[in-house]
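Participant: Read top to bottom, the protein sequences are chains A and B. Under this note's numbering, the first residue of the first sequence carries the number 2, and numbering increases by one thereafter. Under this note's numbering, the first residue of the second sequence carries the number 30, and numbering increases by one thereafter.
Hints were generated in silico from the structure; no laboratory data involved. Incorrect hints may appear among the rest.
[As the list claims (entries may be wrong)] Heads up, incomplete: computed chain A residues facing chain B, CB under 7 Å, no partners named:
1) E17
2) I21
3) F23
4) M27
5) S58
6) F59
7) K70
8) R122
9) I124
10) R125
11) T235
12) T236
13) D340
[To be verified] Taking lysine-lysine pairs in the DSSO-like style, the calculated list, with each CA pair at most 27 Å apart, reads:
14) A/K170 with B/K37
15) A/K45 with B/K195
16) B/K183 with B/K173
17) B/K89 with A/K170
18) B/K256 with B/K141
19) B/K194 with B/K183
20) B/K89 with B/K104
21) B/K195 with B/K360
22) B/K101 with B/K57
23) B/K177 with B/K107
24) A/K45 with B/K33
25) B/K360 with B/K194
26) B/K173 with A/K45
27) A/K4 with B/K37
28) A/K4 with B/K57
29) B/K37 with B/K50
30) B/K33 with A/K170
31) A/K45 with B/K89
Using N, Cα and C, we set each Cβ at its ideal position, and we do this for glycine too.
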Amino acid sequence: MQKQAHPIQFTGNGWEYFKIYFVNIMLSILTLGIYSAWAKVRNKRYFYGHTSVAGNSFDYHANPIQILKGRVLVVALLVIYQVVVGFTPLIAPVFSLILLFAVPYFIMRAIKFNMQYSSHRHIRFNFIAEYPYIFFFYIILPISSIFTLGLSYPYAIYKQKQYLSNMSKYGDSYFRFNGTSGEFFLTYFLATFLMIVLYALILSSFNLVDAQFFKDFAEAFQKGIKASLENNTTTLYADDTKTNSQFIMILGGIYAFFIFNILLFSAFVNTRLTNYLFNNLELADIHFSSHISFFHLLWIYISNLVLIVLTMGLFIPWAKLRAVSYKLSCMSLFSNELDSFISQESVKANVLGEEFSDFLDIDIGF
Amino acid sequence: MKAKLFDKQSSGFDRVEIEIKEGALHIKTAEHVSTYLLSEITFSSRLGNMPRSIYLGDGKVCECEDNDFIDKALKEFKIDGGSGFIHHLESNSIYILPALFITISVIFLFLKFVVPYSAEKIASSIPQNIASQVGQGSLEALDKIILKPTKLSKEKQEELRSDFKKMTQSLQDLPPLALHFRFSEEIGPNAFALPDGSIIITDQLVLLSKNNNELLSIFAHEIGHIKNRHAIRMVLQNSAVLVIIATLTGDATTASSVLSALPTMLIESSFSRELENEADAYALFVMKKNNISLHHFADIMTRLSDGYEESKTQEYFSSHPITSSRISKFKD
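Excised from the complex, chain A in its bound form (with noise of 0.2 Å):
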């Protein structure tokens, strides 16, 4: 029987979304920053709130002062860090090996908390995923890439993928992730591919031959290392306008350069990534198609960054929304009917111990 069409809705509103944003930014202002918890919630509750399947909503549930408390505990955790290890400088590295392992089951407690508080015509989502898994898959795999000079880097994301959409559940539903490594592989292997097409043609414009633009390039920087010392604050006296000129223009180059690339690389990893993970997605007997395309989504960046420059980030809301929209439009999903999924609601709460864990679950992402 052929599966019925259901293609993904986006009723955001760019006026609508940046009053909001802007009211958000104001009242985060105003009480030190404690809004921002609200401010967060507000926000991802008008992306899920307008985007719907089959004339159904999502809904995100999450309570700010559980935000509140995550971001409070991360900032304390950050001034501890700052005095003991300004203090103590050789005990950085313990640090930094607690964080090692610290880190997955923070990501692990973010993604349930975001997953927890999240439905779709009143049914929860969840994540039910086990400390060593995230460990292996999000420390140890691509830190072992390393030892491969990269070349596994695509597998260990690849792993992350399948264990994130695998651990995920809609109701007592969980979801299923088809896909093989070939196609990460295939992306990764691309995406650097066109990465040193580009090097190679911006180069090759800049005349190897003639050494004149290494010299160039040499002569500014020594000037870069002297302006930055000059613009240290104790010193006398900067040449600023007279020597930086020349830096700051081959600087400014470079830089508009690596933010073309950053903005390829990812617009084209993602699309294909994005597309692949959805295109052999299932849950129970649905499943789900994605068709992004690559320079729509580029033309999409770029556009959004040179507004946002132009109006001083004025545009930002617009820019997220816009982003959001194009993708959410080439997203469809198939079934037969989506009305006999059954919540998990009544058995979790028996689940023992719930306050503590209710305690737990913070959200560590700003």
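Please build the complex by placing chain B on the supplied structure of chain A, with the hints as guidance.
Facilitator: Relative to the frame of chain A, chain B by itself:
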């Protein structure tokens, strides 16, 4: 009014008619009517045009897309519908300009007054032996990259050291000061100070000077940086700027963290110019105390800037105030 009724056990729902009257919510299905007292149910807060959830208390949820209908009923029965005030702010276009204005002025006032004031208070409360550790090793590092041993004669060095000592012996609240001479073609004529009391001056600047009083005026400026703990204050202020910028752009796209580089640079340069003015003011004080005529500082600064006219706009991008405004204060 049309609504959906979810039982929260499954993803299915029933289409129902709801009505709010006499302090209660009435839900009509094809078969029967159930009634919930408004005091026993909760409404989700309004946000944009997302559907409103009504939590019925028995685990069921009613969802209604007509926000105005719900708000009217809530108002009529004086029920708090969550963050009504916030929605009021968010949905009225007339508030957006004041909101932007308040946001920008609060950030401005914070950067202009709160950050420098607290940085000064914190920096002055740090004991000297700890303050001295900031930037330790920077002279050694600079010696490797860009500084070479001095080519000045022993006599010239001794002469300057003894003048320096004479000028500084009456100054209070300072770490032990030390004068270092270095040759550097790349840096050219310049001088700088480290928090532990080291003052470094290039041979090029010594050669540019016409008399020792000109150099003493520069030493006085550098001592001003040390005395007022400028290196530490700059570190504190710059980290505050980073935190503020990160808070503002935190949940935006990654690209915006790159974009914030320019405003960060402008703010930090403005902080730096403030501190330069403070050091100049201290130099003024030391020179008057030692009966060194003020024009000496103006003379060497003029020679340094080579008569180059800087414009006011260039100043915004510079870590130092324009020379003409600096020397205008050093007229006898």
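Participant: Against each hint, give a clear statement of whether it holds in the structure.
Facilitator: Hints and how they fare:
1. Hint status for A/E17 relative to chain B: holds, with the closest Cβ pair at about 5 Å, below 7 Å.
2. A hinted interface residue such as A/I21 counts as satisfied when its beta carbon comes closer than 7 Å to some beta carbon of chain B; here the least separation is about 5 Å, so the hint holds.
3. For A/F23, the interface hint holds, the least distance from its beta-carbon to any beta-carbon of chain B being 5 Å, beneath 7 Å.
4. Annotation: interface hint on A/M27 holds; nearest CB of chain B at approximately 5 Å, less than 7 Å.
5. Using the Cβ-Cβ criterion of 7 Å, the hint placing A/S58 at the interface with chain B is satisfied: the shortest such distance is roughly 6 Å.
6. Residue-level restraint check for A/F59 is violated (minimum Cβ-Cβ distance to chain B is 9 Å; threshold 7 Å).
7. Against a cut-off of 7 Å between C-beta atoms, the interface hint on A/K70 is violated, since the closest Cβ of chain B lies about 18 Å away.
8. For A/R122, the suggested interface contact is upheld, since its CB lies about 4 Å from the closest CB of chain B, less than 7 Å.
9. Satisfaction of the interface hint for A/I124 is found here, the shortest Cβ-Cβ separation to chain B being roughly 5 Å, below the 7 Å cut-off.
10. Using the Cβ-Cβ criterion of 7 Å, the hint placing A/R125 at the interface with chain B is not satisfied: the shortest such distance is roughly 9 Å.
11. Below 7 Å, beta-carbon pairs count as interface contacts, and A/T235 has one with chain B at about 4 Å; its hint therefore holds.
12. Satisfaction of the interface hint for A/T236 is found here, the shortest Cβ-Cβ separation to chain B being roughly 4 Å, below the 7 Å cut-off.
13. Checking A/D340 against chain B by beta carbon gives a least distance of about 3 Å; that is within 7 Å, so the hint holds.
14. Annotation: proposed proximity of A/K170 to B/K37 holds, straight-line Cα distance about 16 Å (limit 27 Å).
15. Using a Cα cut-off of 27 Å, the hinted pair A/K45 and B/K195 is violated, with the two alpha carbons roughly 66 Å apart.
16. Restraint check for B/K183 and B/K173: the C-alpha separation of about 23 Å stays at or below 27 Å, so the hint holds.
17. A C-alpha spacing of about 21 Å is found between B/K89 and A/K170, which places the hinted pair at or below 27 Å, so the restraint holds.
18. Our distance criterion of 27 Å between C-alpha atoms is met by B/K256 and B/K141, whose separation comes to about 22 Å.
19. At roughly 16 Å between alpha-carbon atoms, B/K194 and B/K183 fall within 27 Å of each other, so this suggested pair holds.
20. Between the alpha carbons of B/K89 and B/K104 the distance comes to roughly 23 Å, so the proposed pair stays at or under 27 Å and holds.
21. In summary, the hint linking B/K195 to B/K360 is supported, as the alpha carbons are separated by about 23 Å, within the 27 Å threshold.
22. Among the hinted pairs, B/K101 with B/K57 is consistent with the structure: their alpha-carbon atoms are about 20 Å apart, no more than 27 Å.
23. The suggested pairing of B/K177 with B/K107 is violated, with an alpha-carbon distance near 79 Å, which exceeds 27 Å.
24. In summary, the hint linking A/K45 to B/K33 is supported, as the alpha carbons are separated by about 23 Å, within the 27 Å threshold.
25. Distance hint between B/K360 and B/K194 is fulfilled; the C-alpha atoms sit about 25 Å from each other, no more than 27 Å.
26. The straight-line distance between the Cα atoms of B/K173 and A/K45 is roughly 52 Å, outside the 27 Å bound, and the hint therefore fails.
27. As the CA atoms of A/K4 and B/K37 are separated by approximately 25 Å, the hinted pair is consistent with the 27 Å bound.
28. For a cut-off of 27 Å, the pair hint linking A/K4 to B/K57 is broken: about 32 Å separates their Cα positions.
29. Proximity of B/K37 to B/K50 is assessed by CA-CA distance (about 25 Å); at most 27 Å being required, the pair is judged to hold.
30. Among the hinted pairs, B/K33 with A/K170 is consistent with the structure: their alpha-carbon atoms are about 24 Å apart, no more than 27 Å.
31. Among the hinted pairs, A/K45 with B/K89 is consistent with the structure: their alpha-carbon atoms are about 23 Å apart, no more than 27 Å.
Checked against the numbered hints given earlier, this structure breaks hints 6, 7, 10, 15, 23, 26 and 28; the rest are met.
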